[in-house]
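Given the coordinates of chain Y, assemble chain B onto it according to the supplied hints.
Number of protein chains: 2
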Amino acid sequence: MPKIVDHEERRKHIAAVTWKVISEQGLRHATSRTIAKEAGLSQGALRHYFSNQESLLQFAIELVKEQLIERIKRLKEKKLEPVEQMNEYLLEFIPTNEQTLLEMEVWFAFVTLAKTEKNLNPDLVGLQTAIKDVIVFLQNEGVLKEIDVELEQEKLYALMNGMALNLYLEPAKINREKSKELIRNYLESILTQKR
Amino acid sequence: MPKIVDHEERRKHIAAVTWKVISEQGLRHATSRTIAKEAGLSQGALRHYFSNQESLLQFAIELVKEQLIERIKRLKEKKLEPVEQMNEYLLEFIPTNEQTLLEMEVWFAFVTLAKTEKNLNPDLVGLQTAIKDVIVFLQNEGVLKEIDVELEQEKLYALMNGMALNLYLEPAKINREKSKELIRNYLESILTQKR
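Residue numbers (the UniProt record's numbering), protein chains in the order written: chain Y, 1 to 195; chain B, 1 to 195.
Here chain Y stands alone, though its shape is the one from the complex (with noise of 0.2 Å):
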């Protein structure tokens, strides 16, 4: 078994450092030559892990999906009120420190890659679906008023999408409390007036 796991270890470094490479220097600069120099392996090791550059990129998406997804199960066990429990959730899909910002920037150069190589898939539905389903939990909740679902739905995925954009663009700008007052000001916006 160890061996299995230092190859995993070892797959997880290097896309760590494919992450730190796309960050300081631009997904153009992600090269297999300049990957392996950084992580310490010569081209023929790093083939040896990631055949090409683009299941590298695949696999260093998967691991900023696979963060995301251990912060949320770790936010479900706070057991919050649902209001607050959905804009902390929100919260997790944007920039509000150093790390998600880290991961932004992959998830950035990702997407803007996959427009013109189509072998990349950035699972932009599940994205979707995990942000639009705030709406119909809330309202299973009981705590909105009458809206128009789809419409909000669309409204609350550009939000939180131009948010991120923006942290992306000015990370100077990035402040976890003014990000939360937004977020809470628009659910607001939809909840029953007697709250």
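One or more of the hints may lead you astray.
Unchecked claim - From the derived model, a few chain Y residues whose C-beta atoms are all more than 12 Å from chain B:
(1) Ser-51
(2) Glu-70
(3) Glu-98
(4) Asn-161
(5) Lys-173
Claimed, not checked - A few chain Y residues that face chain B, going by a derived Cβ cut-off under 7 Å, partial list only:
(6) Thr-116
(7) Leu-151
(8) Gln-153
(9) Leu-182
What the hints assert, rightly or not - With a Cα cut of at most 27 Å, we get these calculated DSSO-like pairs of lysine-lysine:
(10) Y/Lys-78 - Y/Lys-20
(11) Y/Lys-132 - B/Lys-173
(12) Y/Lys-76 - Y/Lys-118
(13) Y/Lys-20 - Y/Lys-118
(14) Y/Lys-173 - B/Lys-73
(15) B/Lys-115 - Y/Lys-178
(16) Y/Lys-115 - B/Lys-65
(17) Y/Lys-20 - B/Lys-118
(18) B/Lys-65 - Y/Lys-180
It is worth saying that the hints were derived from the structure and are not from the lab. Here a beta-carbon is modelled for each residue, glycine too, at the ideal position from N, C-alpha and C.
Then chain B, alone, in the frame of chain Y:
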């Protein structure tokens, strides 16, 4: 004089070719070699017009801006009522057809590259101001309820950027009427009840 006109025309032609290459092949392939070939020029001739890739990309993005300004100028001449005017104005910032989708593709490629190439200037402040001024304009027209101006400006800016990003990522969803409805729905959330 004719020589100057030709020079400018040629620069615009090269910029248009650059857009096409970025859109179809991705920024990675927008090299001087590919662009020269697509524009029917030698690399030496291309250098005569743009000494490096950065100056070419910067020019390409200035053209995007010019075209946006031109469209807004024409919109103002229509003399619509304030809310409808702002709805139409905001629509100009997101993809609603093939031409504006192409502009968005160039813009995203540019801002992504500007993250690591510090001599590129995407003028995010100009864009931000152009969007945020909508709230001020409507407030001056006396059609808004009591709102937190700064927060609503952030919300609108995020909403617009998110809509643009979503349509860039999934161009099949481009639908002018649906986008207009989403913006209208947002504007209505801050308009006075009596409207």
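Going down the list of hints, with the structure as the test:
1. Ser-51: Correct as stated: the minimum Cβ-Cβ distance to chain B is 20 Å, above 12 Å.
2. Glu-70: Check passes; 25 Å lies beyond 12 Å.
3. Glu-98: holds, 15 Å
4. Asn-161: violated, 4 Å
5. Lys-173: The assertion about Y/Lys-173 is violated, with a minimum of 10 Å to chain B.
6. Thr-116: holds, 4 Å
7. Leu-151: Holds. Min distance 6 Å.
8. Gln-153: With Cβ-Cβ at 11 Å, over 7 Å, it is violated.
9. Leu-182: holds, 6 Å
10. Y/Lys-78 - Y/Lys-20: violated, 31 Å
11. Y/Lys-132 - B/Lys-173: holds, 16 Å
12. Y/Lys-76 - Y/Lys-118: violated, 35 Å
13. Y/Lys-20 - Y/Lys-118: holds, 24 Å
14. Y/Lys-173 - B/Lys-73: violated, 32 Å
15. B/Lys-115 - Y/Lys-178: holds, 23 Å
16. Y/Lys-115 - B/Lys-65: Roughly 23 Å separates the two Cα atoms, so the pair holds.
17. Y/Lys-20 - B/Lys-118: holds, 18 Å
18. B/Lys-65 - Y/Lys-180: Answer violated: B/Lys-65 to Y/Lys-180 is near 32 Å, above 27 Å.
The structure fails to meet hints 4, 5, 8, 10, 12, 14 and 18 from the earlier list, while all remaining hints are met.
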